[in-house]
Amino acid sequence: MVLIKLLALRLELLALRLELLALPQDDVPRLLLDIGCGSGLSGETLSDSGHHWIGSDISQSMLDVVLENEVKGDLFLGDMGQGLGLRSGVIDGAISISDIQWLCNADKSSHNPRLRLKAFSGSLYRCLARGAKAAFHMYPENLDQRELRQ
Amino acid sequence: MRLLTHNMLSSNIKGVTNGFPLRIEAEKVVEKQVDLNIDFLKNMFAKIEWRALVSAARTMGYSELPEEVEPSKLDSEEFLQKFHHALLELHLEEGALVCPETGRRFPVSKGIPNMLLHEDEV
Numbered sequence: 233m234v235l236i237k238l239l240a241l242r243l244e245l246l247a248l249r250l251e252l253l254a255l256p257q258d259d260v261p262r263l264l265l266d267i268g269c270g271s272g273l274s275g276e277t278l279s280d281s282g283h284h285w286i287g288s289d290i291s292q293s294m295l296d297v298v299l300e301n302e303v304k305g306d307l308f309l310g311d312m313g314q315g316l317g318l319r320s321g322v323i324d325g326a327i328s329i330s331d332i333q334w335l336c337n338a339d340k341s342s343h344n345p346r347l348r349l350k351a352f353s354g355s356l357y358r359c360l361a362r363g364a365k366a367a368f369h370m371y372p373e374n375l376d377q378r379e380l381r382q
Numbered sequence: 525m526r527l528l529t530h531n532m533l534s535s536n537i538k539g540v541t542n543g544f545p546l547r548i549e550a551e552k553v554v555e556k557q558v559d560l561n562i563d564f565l566k567n568m569f570a571k572i573e574w575r576a577l578v579s580a581a582r583t584m585g586y587s588e589l590p591e592e593v594e595p596s597k598l599d600s601e602e603f604l605q606k607f608h609h610a611l612l613e614l615h616l617e618e619g620a621l622v623c624p625e626t627g628r629r630f631p632v633s634k635g636i637p638n639m640l641l642h643e644d645e646v
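Line by line, the protein sequences are chains A and B. Residue numbers for the first sequence follow this note's numbering, beginning at 233 and rising by one. Residue numbers for the second sequence follow this note's numbering, beginning at 525 and rising by one.
None of these hints come from the bench; they were simulated from the model. We put the beta carbon where it would ideally sit given N, CA and C, even for glycine. Mixed in with the good hints, there may be bad ones.
[Claimed, not checked] Cβ-to-Cβ under 8 Å is the rule here; a few derived chain A residues that face chain B:
(1) Asp280
(2) Gly310
(3) Gly317
With the sequences and hints as input, model every part of the structure.
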């Protein structure tokens, strides 16, 4: 029961994000980016809205799930903290319903959260087309993480 | 992975100045039919690196795209069909994407490119 509520909540958050993207209401399919696309749930909604999307995730096993579901978006395995690796100005909107605070975690000693956040945000900014928006949420675990976000 | 995505991806390795386009090593290519949308094609056209698309399509076995194209071609249904086919209907299932500067191979398996960088590449 809780799982269903969580799912419903995630879909609501996704709908909110789509609205936040403020895409023109002209029925023109756009190219969107789903960062941390996980199981492809969010991507499915993007496809249902008529858009093409590229999804990235750091977890091969998550992407395997997406493959089973035969989603329409293209996926790539990637670590957002290494930079998104996308050309400038090509994305019409970016969403994430995964938790971006993972960027702030320094799981490996060689990770520097500040650099990772910078690599992610810099590359995100660059790949967005003029006027395109990114919508995601972030729950900071502690004061340090919140400062990092600013 | 469709050529739409390939046209967006760039090598992110530290020190690389121009990581685009990634060279394609095609081991398995699959064609999947998708409905054509003129608006999407016209919207994407301005963002596509045309030469990279032509070259990538050729590597995937499709040589019908013109080398040069002016925006007026977007009014041609014949051209749009070819553009659509190359961009959205050719899938690289198995193979690799290769960094044009370092030669580093990013393997593609089940249509998913592994773009994860090693620690010393970041």
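Consistency of the hints with the structure:
1. Asp280: Check failed: Cβ of A:Asp280 comes no nearer than 14 Å to chain B, outside 8 Å.
2. Gly310: holds, 4 Å
3. Gly317: Holds: closest Cβ of chain B sits about 4 Å from A:Gly317, inside 8 Å.
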